[in-house]
Amino acid sequence: MSQANEGAVALGVVITALCAACYGGVPASDVKLEATQIKKNVETAQALHARCVDAGAGVAAGIADALCAAEMRALADIEQNADTLLKKAGAADGGGGG
Amino acid sequence: MGVADTIEALLQLGISAKDAFTKAQSNKTATDWVTFLGSPEFAGIEDDVTNLVGKLTQGDLDAALGAVRQKEAALLASAPSVAQLPNDKLLQYSDLLHTESLLVNRKVASVTATAEALSWVVNEALPTLLTAAKMILPLLL
Chain A
1 MSQANEGAVA
11 LGVVITALCA
21 ACYGGVPASD
31 VKLEATQIKK
41 NVETAQALHA
51 RCVDAGAGVA
61 AGIADALCAA
71 EMRALADIEQ
81 NADTLLKKAG
91 AADGGGGG
Chain B
1 MGVADTIEAL
11 LQLGISAKDA
21 FTKAQSNKTA
31 TDWVTFLGSP
41 EFAGIEDDVT
51 NLVGKLTQGD
61 LDAALGAVRQ
71 KEAALLASAP
81 SVAQLPNDKL
91 LQYSDLLHTE
101 SLLVNRKVAS
111 VTATAEALSW
121 VVNEALPTLL
131 TAAKMILPLL
141 L
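Line order of the protein sequences matches chains A and B. If you're matching positions, the first sequence starts at 1 in this note's numbering and goes up one per residue. If you're matching positions, the second sequence starts at 1 in this note's numbering and goes up one per residue.
Be aware that a few hints might be false.
Short derived list, chain A residues pointing at chain B, Cβ under 10 Å [said to hold, decoys possible]:
#1 Gly-12
#2 Leu-18
#3 Ser-29
#4 Ile-38
#5 Gln-46
#6 Ala-70
#7 Glu-71
#8 Ala-74
Here are the computed lysine-lysine pairs in the DSBU-like style, where the Cα-Cα straight-line distance is at most 35 Å [claimed, not checked]:
#9 B/Lys-23 / A/Lys-87
#10 B/Lys-18 / B/Lys-28
#11 B/Lys-89 / A/Lys-32
#12 A/Lys-39 / B/Lys-71
#13 B/Lys-107 / B/Lys-134
#14 B/Lys-28 / A/Lys-39
#15 B/Lys-55 / A/Lys-87
#16 B/Lys-18 / B/Lys-89
#17 A/Lys-39 / B/Lys-134
#18 A/Lys-39 / B/Lys-18
#19 B/Lys-89 / B/Lys-134
#20 A/Lys-87 / B/Lys-18
#21 B/Lys-23 / A/Lys-32
#22 B/Lys-55 / A/Lys-39
#23 B/Lys-28 / A/Lys-32
#24 B/Lys-134 / A/Lys-87
#25 B/Lys-71 / A/Lys-32
#26 A/Lys-87 / B/Lys-89
#27 B/Lys-107 / B/Lys-55
#28 B/Lys-71 / B/Lys-23
#29 B/Lys-134 / B/Lys-18
#30 B/Lys-71 / A/Lys-87
#31 A/Lys-39 / B/Lys-107
#32 B/Lys-55 / B/Lys-23
#33 B/Lys-18 / A/Lys-32
#34 A/Lys-39 / B/Lys-23
#35 A/Lys-87 / B/Lys-28
#36 A/Lys-87 / B/Lys-107
Derived by calculation from the structure, the hints in this document are not laboratory data. Built from N, CA and C at the ideal position, the CB exists for glycine as well.
Whole structure, please, built from the sequences with the hints as guidance.
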């Protein structure tokens, strides 16, 4: 997946989570906590992605692998942050989904 | 409880619960976390679980979250932005952020049911902490 696509997916996940949370009765403080976390994870994933792409240019293989693995983990965390809000929105909505 | 103790308690709880749950599935005495609570395998670890869960108050999790954020801020103080951190510091920051995400999810979810709590500890907290504990525990001590 290209960096642009990753960004678009991340943005879509954020918007979905925020809308679901808004309509699902999730407290604004929880939305803010997760949204802040998503923003930090997006920023970190971008920084890691840039290093991962540059990894061929002189970065030791072990470090490059660790950078790429960390990028994948940051992207997974973005999904998890959004999923937590969606689940909470579903629960607040009487289990009927966000 | 100190931050390192909180993380250690989460690790102990995760390992103990995962081991017993795997045995219960293998012995066909549990198919999911709810039925696991009625299994003899859970009965064998119930006292330990109660003891460890009792140690993990919301205040402890908040304190751990605060400590992780302090360490993140300290790392970021050495560079103008995340993108400009050197590789080793970026990896440390990434581990701290991964742990922070875990703790934030737990705080937002406010899970109180034991089956859900055990599922969270084994499926989310344990893999995260097994990956990040080696890196973050020395930073938090």
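Here's how the hints hold up against the structure:
1. Gly-12: The hint is violated - A/Gly-12 has no Cβ within 10 Å of chain B, the shortest such distance being about 19 Å.
2. Leu-18: 13 Å, violated
3. Ser-29: 9 Å, holds
4. Ile-38: Result: holds, 9 Å to nearest chain B Cβ.
5. Gln-46: Because about 7 Å separates A/Gln-46 from the closest Cβ in chain B, which is inside the 10 Å limit, the hint holds.
6. Ala-70: Where the cut-off is 10 Å and the nearest Cβ of chain B is about 4 Å from A/Ala-70, the hint holds.
7. Glu-71: At about 8 Å, which falls below the 10 Å cut-off, the nearest Cβ of chain B leaves the hint on A/Glu-71 intact, so it holds.
8. Ala-74: Check passed: Cβ of A/Ala-74 comes within 6 Å of chain B, closer than 10 Å.
9. B/Lys-23 / A/Lys-87: 29 Å, holds
10. B/Lys-18 / B/Lys-28: 15 Å, holds
11. B/Lys-89 / A/Lys-32: 26 Å, holds
12. A/Lys-39 / B/Lys-71: The given pair, whose Cα atoms are some 18 Å apart, holds under the 35 Å limit.
13. B/Lys-107 / B/Lys-134: Holds: B/Lys-107 and B/Lys-134 sit about 23 Å apart, inside 35 Å.
14. B/Lys-28 / A/Lys-39: Answer violated: B/Lys-28 to A/Lys-39 is near 43 Å, above 35 Å.
15. B/Lys-55 / A/Lys-87: This hinted pair holds, its Cα atoms lying about 26 Å apart.
16. B/Lys-18 / B/Lys-89: 32 Å, holds
17. A/Lys-39 / B/Lys-134: Within the cut-off at roughly 25 Å; holds.
18. A/Lys-39 / B/Lys-18: 32 Å, holds
19. B/Lys-89 / B/Lys-134: 15 Å, holds
20. A/Lys-87 / B/Lys-18: The hint holds at about 23 Å.
21. B/Lys-23 / A/Lys-32: 40 Å, violated
22. B/Lys-55 / A/Lys-39: 31 Å, holds
23. B/Lys-28 / A/Lys-32: 42 Å, violated
24. B/Lys-134 / A/Lys-87: Holds. B/Lys-134 to A/Lys-87 sits at ~31 Å (cutoff 35 Å).
25. B/Lys-71 / A/Lys-32: 21 Å, holds
26. A/Lys-87 / B/Lys-89: Roughly 33 Å between the alpha carbons, so the hint for A/Lys-87 and B/Lys-89 holds.
27. B/Lys-107 / B/Lys-55: 16 Å, holds
28. B/Lys-71 / B/Lys-23: Violated, at about 38 Å.
29. B/Lys-134 / B/Lys-18: Distance of about 20 Å is within 35 Å: holds.
30. B/Lys-71 / A/Lys-87: Judged against 35 Å, a Cα distance of about 30 Å means the pair holds.
31. A/Lys-39 / B/Lys-107: 18 Å, holds
32. B/Lys-55 / B/Lys-23: 25 Å, holds
33. B/Lys-18 / A/Lys-32: 32 Å, holds
34. A/Lys-39 / B/Lys-23: With a Cα-Cα distance of about 40 Å, the restraint between A/Lys-39 and B/Lys-23 is violated, given a limit of 35 Å.
35. A/Lys-87 / B/Lys-28: 29 Å, holds
36. A/Lys-87 / B/Lys-107: 13 Å, holds
Checked against the numbered hints above, the structure violates hints 1, 2, 14, 21, 23, 28 and 34; every other hint is satisfied.
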